[in-house]
Amino acid sequence: MKALKYIWVLILFLNLNIFSQFDKSMMKSLSDNTNMISVTIGGSFVVTGSFNAFLNERVDQYITRINAQAIQSFNTDLPNIRSQSNFRSFDIDGSILNPIEYSLRGIKLKRASGEELTLDIAKFRVNGDFKNNPYLRNDDLLVFPILELERNFVAIDGAINKPGRYQFVDGDKLSDIIELALGINKAYENVEFARISRLSYSGDSEHILNVKITENPPLQRGDRITIVAEETQKKDFKVYIVGEVHTPGFVSITKNNTTLREVITRVGGFKPSADLNRAELVRGTNVFRSFLFTEEFENMLMLRMATITEEDSSSFIIDNKLRFTRGNALIEFNRILDQASPDGDFIVRDGDIIFIPEKLNLVYVFGQVKKPGYIEHKDSENYNYYISKAGGLGDLAREEIYIIKGTSRTWVEVDEDNPPSIEPGDFVWIPKEIPRNFTYYLNRIMAVSSVISTVATLILIFLQFSN
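For the sequence shown, counting from 1, position 264 maps to 655 in this note's numbering; every step adds exactly one.
Just so you know, these hints were derived from the structure itself, not from any lab. Don't be surprised by glycine CBs; every beta carbon is placed ideally from N, CA and C. Check the hints yourself; a few may be wrong.
Here are the simulated EDC-like pairs of lysine to aspartate or glutamate, each with C-alpha atoms no more than 16 Å apart in a straight line [as the list claims (entries may be wrong)]:
#1 K761 <-> D786
#2 K499 <-> E541
#3 K750 <-> D627
#4 K662 <-> E635
#5 K603 <-> E635
#6 K646 <-> D627
#7 K646 <-> D736
#8 K750 <-> E635
Okay, the calculated beta carbon distance ranges per label pair [claimed, not checked]:
#9 N809 <-> N725: 19 to 29 Å
#10 R800 <-> N773: 43 to 53 Å
#11 K522 <-> I744: 27 to 37 Å
#12 I836 <-> P811: 34 to 44 Å
#13 N809 <-> F856: 13 to 23 Å
#14 I744 <-> K823: 47 to 57 Å
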C-alpha cells in the first residue's frame, strides 16, 4: 500500500513538470509574438512584402536587416537568381558583386492611422536626427522611390569632404547636399561661394549661378555644384635621403622653395665615409607631373617624329629605358655645402630620393683574368697592377682592355702610351678572344669567293656584250 502511494506521488510530480515546461514554451512563444509587429515594404526595394519587425525597431535598423537577410538568401540560391539576367552582376566566386543599392531619401512611411511621413535615412546617417528614423508601428507601410542617379541627381565637388553624386528629392537646398557630402572640408580657408551649373532640358545650354553659400538657394535635378575655394598647398611634401648622412630618412620640405643644401643641413651633413662622387638625386621621369604620363605614352611621343635609323633605335631604346629607371639630376655633391655653388641651390621636389653611398675603395676586375674580383684601390697604380693582382691575363684575352668608370659607366679603351687613371669604384674588363675552328674560316673564304666569282662573271658578260 505504501509503495502504491509512492508511485502516485511520482506520477503527479512528472505531470506537473511536463505541464511547467509546456507552459514556459507557450509563454515564450506568446512573448515573441507580442514583441513582433508586421511592416510592409513596397516600391523599389530589394524585396517587397510584409515582414516581421520588433516593437522597438526603427526604420533604418529594420531596412538594413531585411536587406542583409535578402542578400544572404540570394547568395544561397544563386541558380535561381542568375536566371534573372537583369538583376545583378556576380563575382568569380558566384557571390553578388556589390551590395544592392536602394533609395535612402524620399521614403514614404504610411501608418495605419492615416499619418504619412517622408523620411531621409541618408540625412539621419549624417546628422542623427531621429525625425528621419522613427520607431515602426504595426501595419506600417514603407514605400521606396526608384534610385536613379543618371537623371535624378545632384553632383557636388570642390572644397567638400565627400564629393560625388547624390539622390535629388524635391525641396532640396544647397545646405542639404553640403550636409550629405559631410560638410565643407576644413582644410580650405575662406570658403564662401558656390558655383551651380544648370543645364537646359536639351543639354545644349548651360546657366551658371554664382551664389553665396549662406544664401542657401533651392536646387533642381541635375544641378552640378562646385564649392569654390583656392586649392590648399598645405600638403605632405617630403624627400627621402638614405645612406651616409647622420640622420637619414624623410625630410619635410616646401612645395618648391627648399634647396638641396637645406636638406643636407637638416640631416646633419655628410659622414666622413660618404662617397660624394657617386651620390645621386633621383627624381624619376615625370618631372612635369603630367597626369597622362606613362612609359609607353612617353616612348610613343619620343619616337613619333624621330629621324634615327634602325641601328640607332636599339641604342636609343636602351638610353630611354635608363632614363625611366633613374631620372637622376646632375649635381656635384662635393660642392653642395659651398654657399657660392649653384649645386647647393638645386630645388628639391616632393618624392625626390637622395642616395649618399659609402666610400668604396675597391676596383673590380673581370673578364679574361684568372681570379676576377674586387681589389683594393691604389692611387699610384694603373690597370696593369689590377690585372696582375687578379692573376694575370687568361689565354683567350684580347689585346684591347676597357676601363668602365664607376660613376658614369663610361667606357674607356686603354691606350698603353697614355693609360687612363683608375678611381675607386671603377671596373677593369678584359674581353675574350672567341676561338675559331677551321670550318669557320673555310666558310668565310667560301662566302667571299662566291661573291668574287659572281662579280667576275658579271664583268665578263658585260665585256662580251660591249664587244
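Right, here's what the structure says about each hint:
no.	hint	verdict
1	K761 <-> D786	9 Å, holds
2	K499 <-> E541	22 Å, violated
3	K750 <-> D627	32 Å, violated
4	K662 <-> E635	5 Å, holds
5	K603 <-> E635	55 Å, violated
6	K646 <-> D627	9 Å, holds
7	K646 <-> D736	15 Å, holds
8	K750 <-> E635	9 Å, holds
9	N809 <-> N725: 19 to 29 Å	26 Å, holds
10	R800 <-> N773: 43 to 53 Å	20 Å, violated
11	K522 <-> I744: 27 to 37 Å	55 Å, violated
12	I836 <-> P811: 34 to 44 Å	39 Å, holds
13	N809 <-> F856: 13 to 23 Å	57 Å, violated
14	I744 <-> K823: 47 to 57 Å	37 Å, violated
In the structure shown, a violation is registered for the earlier hints numbered 2, 3, 5, 10, 11, 13 and 14, in ascending order.
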